[in-house]
Each structure stands twice: as structure tokens, then as C-alpha cells.
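Colleague: Chains A and B, in that order, give the protein sequences. Taking the working numbering, the leading residue of the first sequence gets 1, the next gets one more, and so forth. Taking the working numbering, the leading residue of the second sequence gets 193, the next gets one more, and so forth.
Please note that the accuracy of each hint is not assured.
With a straight-line cut-off of 25 Å between C-alpha atoms, the simulated DMTMM-like cross-links for lysine to aspartate or glutamate are [what the hints assert, rightly or not]:
id : chain 1 : residue 1 : chain 2 : residue 2
1  : B       : K195      : A       : E69
2  : B       : K319      : A       : E160
3  : A       : K80       : A       : E69
4  : A       : K18       : B       : D223
5  : A       : K3        : B       : D223
Please keep in mind that the hints were generated in silico from the structure rather than gathered at the bench. The structure displayed is predicted, hence computed values, not measured ones.
Protein chains: 2
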Amino acid sequence: MRKASVYIALLHHPMYNKRMDIVATSVTNLDLHDIARVARTYNVDGFYVVHPSANQQQLIGEILSYWQEGYGGSYNPDRKEAFEILHRAENLAEIMAEIEQTTGQRPVTVATDARRYPNTISYRTLKEEIFSQDKVYLLLFGTGWGMEQSLMQQCDYILEPIAVDSDYNHLSVRSAVSIIVDRLLGEFWFIP
Amino acid sequence: MRKASVYIALLHHPMYNKRMDIVATSVTNLDLHDIARVARTYNVDGFYVVHPSANQQQLIGEILSYWQEGYGGSYNPDRKEAFEILHRAENLAEIMAEIEQTTGQRPVTVATDARRYPNTISYRTLKEEIFSQDKVYLLLFGTGWGMEQSLMQQCDYILEPIAVDSDYNHLSVRSAVSIIVDRLLGEFWFIP
């Protein structure tokens, strides 16, 4: 059993676009579904979808209410259950405050990125911490062409990229979250 | 470096629906994108999308041609590259024949499912085989409410479920493929 509490956040601002401008990306319906299902499967303590715009916040709310109160919830109760751990937030500061209020601890922030950085933490080291220490972690996932640099640098840790040895590293955020959560929170399938 | 060739197939028939009727499911655009990107990242030898209906085959063809020859390919060359390993097929027999013709070997078929079966193969054992043996593997992924039983039983192996210890096991096929391919073909991140 893991000892730490673990939260994940999907951020839509400040992100890079293809030309490395700083933008807010749009909410993608299937990101919410796929990531909520991963989060529920691995008993993540909360999944935050973060967007500064009221309009996009409303879109998230409409998706949630269809699956929680509307037809979706009775058609597919598993989906309703997954969405119960999804929360909306306007920015990172709001999440930090909310988690601190719930857990009594300021979360250790962990940025993820497909690019290489110096001083990254390995999956193995972070997994060992999560399973042995009574701390609170917040894993941050970006959208678009990735998280803006200064946001990355504010984080306590930067996790190493997923496919360090590959000549192609363009996974969807849905795949990246699935793989990273499996590596960090999943069973120890690799131990004989 | 792994020794084996590994192919993956996304099947749409024969699948169960929610009521356990046997059906053909619809092709989902983002399945093609997400799984092609995973396959390319992990150097999978080929990704087959399998559907018996001419109509759905045509839909797959239209998506591919947008990203390979249309505007998509020039807008996002990474996506074009990922789609180069995507092939269409009408049924499993067609894929088996095609892989055997390419590699000279009949592929070892590996079914995946969220349900438990007796005689499943573990991730660790299959990963060791893939990295040490000069064989050809074909990993089969279902859609809808999972692969029809007799199809499962025809396979050489059934892989154990992903989240054996979880009280919730409803991942999207996009997440399941990401996690399973990472476990079987990914780097040995868990070794110190």
C-alpha cells in the first residue's frame, strides 16, 4: 500500500503552442474521461482540471453534469464514479490551497514533460518515496506543446521523460498520464 | 534492445456490448491517433486497425489520408510519421497472414482483457521473452465491453489484467494500450 496522498492536475495555461507562444489550450472531452478513469483505477486522491477561462470551466461543468446527473450517469455508472474525483480549478494556486486545506500538508509539486531537463527525478526514486513516505504529491501534466518554463522551474521535482531512448516522443497527454500513473502508483509487476 | 518483433491490433469485432451481445463497435478517431503515437514511440513493428465493415474501413482511410496526404500532414509531421505504421485489416486471419509473409514467422498471439482468466501470462515473463527471443508477437486489444470469449481462447497467451488489485477496472482502450506497451516494450526504469 502506498503511504503518500497523490493528486494529479491537467493544466491548460500557461502552455506553449507549436510556435512556442504562451497560450491557454482548449479543454478536450476525452482527456477528462480517460484521465478520470486512470485516476479512479489507481486510487488517485483527486484529479484537477485547470483552466483560467469561465467559458471553458462551464464546458467542464456541462460534461460532468451529463455524466453525474444526466443520462450518462444512469447509462454508465462506472463513468459517474470516475468523475466523482474530478474537480475544476482556475489556477495552480487554488489547487495548492485546496489540497493543503484537505490534507494539512503543502503538496510536493512534480512537473512532467517530454523534454529532458537537468536534475530530473527518476520514476524509481519517486515511486519509492510515494510508497514509503507520508507526504502529499501533486503531479502536473501540460497540454498543447507543453508547460511554460517558469512554471516547470517553480516545481519541487521534474520527472524524467517517458521514452528517453526513443527517437519519437509525441505521446498524447492521455497516454502520458496513463503510463506515468502506472509507473508511479501501479503494482510492482516487475518484481519476481 | 528487444529481440522480438511486436505488432499490435485494435479489434472492433467480435466484441461484447454492455448487454453481452456480440457486436461490431465503431471506429473512434482518437484511438487511432493515441495508439499510433504510442506504437511509434515504442517502435512497434505495425499497428493494425481491424474492422469487418467497408464503411468503417473507409472512415479509417479518410482519417489516414487527411494526416498523411492532406493538410494534417504538413501541419503536424509527427502525426504523419505515427500514422505510417497504421494498417487496416478486415479480420484477424488477414493480419496473421500479412505478418507471416513479412516476418517468415507465425505470430504468437497475446489477448488482453480487464477480466481475470486462469493461465494468464505475467508482464514480467512476457517482457523477458520479448527481450530475449527472436520471435514475433501480436498483441490484441478489444473495444466495447471486451473481446468475445472464443476469440480469447484461440490466443496463445492471455495477458494478466492491468490493475489486478484495484476495485475499479474501467480504463479506456487508449490507456490500456499505453500502459501495456510501456510495461512490455518500455525501458527497464525499475532497475537501479
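Colleague: Now, for every hint given, state plainly whether the structure supports it.
Modeller: Hints versus structure:
This hinted pair does not check out: K195(B) and E69(A) have alpha carbons roughly 50 Å apart, beyond 25 Å. Annotation: proposed proximity of K319(B) to E160(A) holds, straight-line Cα distance about 22 Å (limit 25 Å). Between the alpha carbons of K80(A) and E69(A) the distance comes to roughly 8 Å, so the proposed pair stays at or under 25 Å and holds. About 23 Å separates the Cα atoms of K18(A) and D223(B), which keeps this hinted pair within 25 Å; it holds.
Pair hint K3(A) plus D223(B) does not hold up; C-alpha atoms about 34 Å apart against a cutoff of 25 Å.
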